[in-house]
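2 protein chains.
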Amino acid sequence: MSDKKKAVILLSGGLDSATCLAIARKENFECYALSFDYGQRHRNEVEAAKKIAATMCVKEHIFINIDLRKWGGSALTDNIEVPEAGSATGIPITYVPARNTIFLSFAVGWAETLGARDIFVGVNSVDYSGYPDCRPEFIASFSETARLGTKACDENWKFIIHAPLQYLKKHEIIKLGSDLGLDYSLTHSCYNPSPEGKACGKCDSCRLRSQGFSEAGVPDPTIYA
Amino acid sequence: MSDKKKAVILLSGGLDSATCLAIARKENFECYALSFDYGQRHRNEVEAAKKIAATMCVKEHIFINIDLRKWGGSALTDNIEVPEAGSATGIPITYVPARNTIFLSFAVGWAETLGARDIFVGVNSVDYSGYPDCRPEFIASFSETARLGTKACDENWKFIIHAPLQYLKKHEIIKLGSDLGLDYSLTHSCYNPSPEGKACGKCDSCRLRSQGFSEAGVPDPTIYA
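Same order as they appear, the protein sequences are chains A and B.
For the first sequence, our numbering gives the first residue as 12, with consecutive numbering after it.
For the second sequence, our numbering gives the first residue as 12, with consecutive numbering after it.
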């Protein structure tokens, strides 16, 4: 039996969450990857998550199917056009209502079942594109809610929600992952890929990613359309 | 177009959530019912939720399929025997890890999309069987987490999580619902029903329900095995 501490890692298949997984491994956690198929437009993410989890030898990888298209309300899950970068201010149309609250809730459920107290999530406040559920205040509040809503409260411990990318710029994230040996060609970031899975190079996510590789001085392995 | 305020109601198909729906209707909300098929043993709940929503004329009823059996950990979702009443203390084996956190997260996602600020949930601290995610502290904390993780924070409003049954005894809940005209024969509470859907009469849930009808002086419409 392993004497490593267990951690649940939210793994989207994107650059940030893959870096989180690399960090959790480096910190010697036994990693349990949790991914979601929520009807997102950028389906390549789902395939990317599978490849990343397999390559990085997680202990277990669970996929949860949840159809957030039932109520739509986001360009990622609804029939709304994904905008090109810089076309709006405030909360972007690619925000999926309560997505991270839902994802973290599942992570807590699995962690409680596994006996894990550590959860890793790749939220970021610097290049966070205006998503409310990436704020540090949200993460701190969620952690307290999770404690109160589980046996943690009765047993006098709490969940530690690790957000190691919270204050890093995209190029710092990429540098960190590269130093940890992460193969970013496995990851997918584009909100609006071509049918063959090539990145559009125009959406917010592509723009941040491309600029990040450039500033990190790391070759960009992304295949653009 | 309706000038009623919209509310999302978590509807399990049990006695408590049906009473919540009756209360939300009485308070003149336009009701959006949200139910989950999470691989629970007591499948009759799912059918009950459909009947209740149809009978009580909700504006829309959404079912979310989420397979919590992927990690088990509860007698309701795993291959663990449902105990008879009074056989244990502390958090019972029928507790499903983080269930209400997950359910409320979906409710917030739908509410945000609908433009609703009100959510009804049938949690209860009196006859709550020891579930940590039924505590008032948990509900209050969740409400704050939901505000921080959605556009509510940017727009300076908050979600109101109504828990009208929080401090009521089971017989008071039944009396209240009966006074509102709720037909409790539509509801299902048993954790361990017979293949034909009859209540076992022995689990915690059956015991509380049966005692509640008796103390309320309301005829018990439950069909016991």
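Treat the hints with care, since some could be wrong.
Identical copies carry no separate label here, and so any pair may be met within one copy or between two of them.
[To be verified] List time: in silico DSSO-like cross-link candidates among lysine-lysine, alpha-carbon distance up to 27 Å:
{"hint": "1", "residue 1": "Lys-209", "residue 2": "Lys-186"}
{"hint": "2", "residue 1": "Lys-15", "residue 2": "Lys-70"}
{"hint": "3", "residue 1": "Lys-37", "residue 2": "Lys-213"}
{"hint": "4", "residue 1": "Lys-169", "residue 2": "Lys-209"}
{"hint": "5", "residue 1": "Lys-81", "residue 2": "Lys-61"}
{"hint": "6", "residue 1": "Lys-169", "residue 2": "Lys-61"}
{"hint": "7", "residue 1": "Lys-180", "residue 2": "Lys-15"}
{"hint": "8", "residue 1": "Lys-37", "residue 2": "Lys-61"}
Derived from the structure by calculation, the hints contain no laboratory data.
Here's how the hints hold up against the structure:
1. Lys-209 <-> Lys-186: Intra 23 Å, inter 61 Å, cutoff 27 Å: intra-copy only.
2. Lys-15 <-> Lys-70: Classified as within: same-chain Cα gap 11 Å, cross-chain 50 Å, threshold 27 Å.
3. Lys-37 <-> Lys-213: Neither: 33 Å inside a copy, 50 Å across copies.
4. Lys-169 <-> Lys-209: Neither: 41 Å inside a chain and 40 Å across chains, both beyond 27 Å.
5. Lys-81 <-> Lys-61: Both. Shortest intra-copy (25 Å) and inter-copy (17 Å) distances satisfy the 27 Å Cα cut-off.
6. Lys-169 <-> Lys-61: Cα proximity of Lys-169 and Lys-61: none, with 29 Å in one copy and 37 Å across.
7. Lys-180 <-> Lys-15: This pair counts as neither: shortest intra-copy Cα distance 30 Å, inter-copy 45 Å.
8. Lys-37 <-> Lys-61: Within. Shortest intra-copy distance 20 Å satisfies the 27 Å Cα cut-off; inter-copy 48 Å does not.
Violated hints, listed in ascending order, are 3, 4, 6, 7; each of the other numbered hints is respected by the structure.
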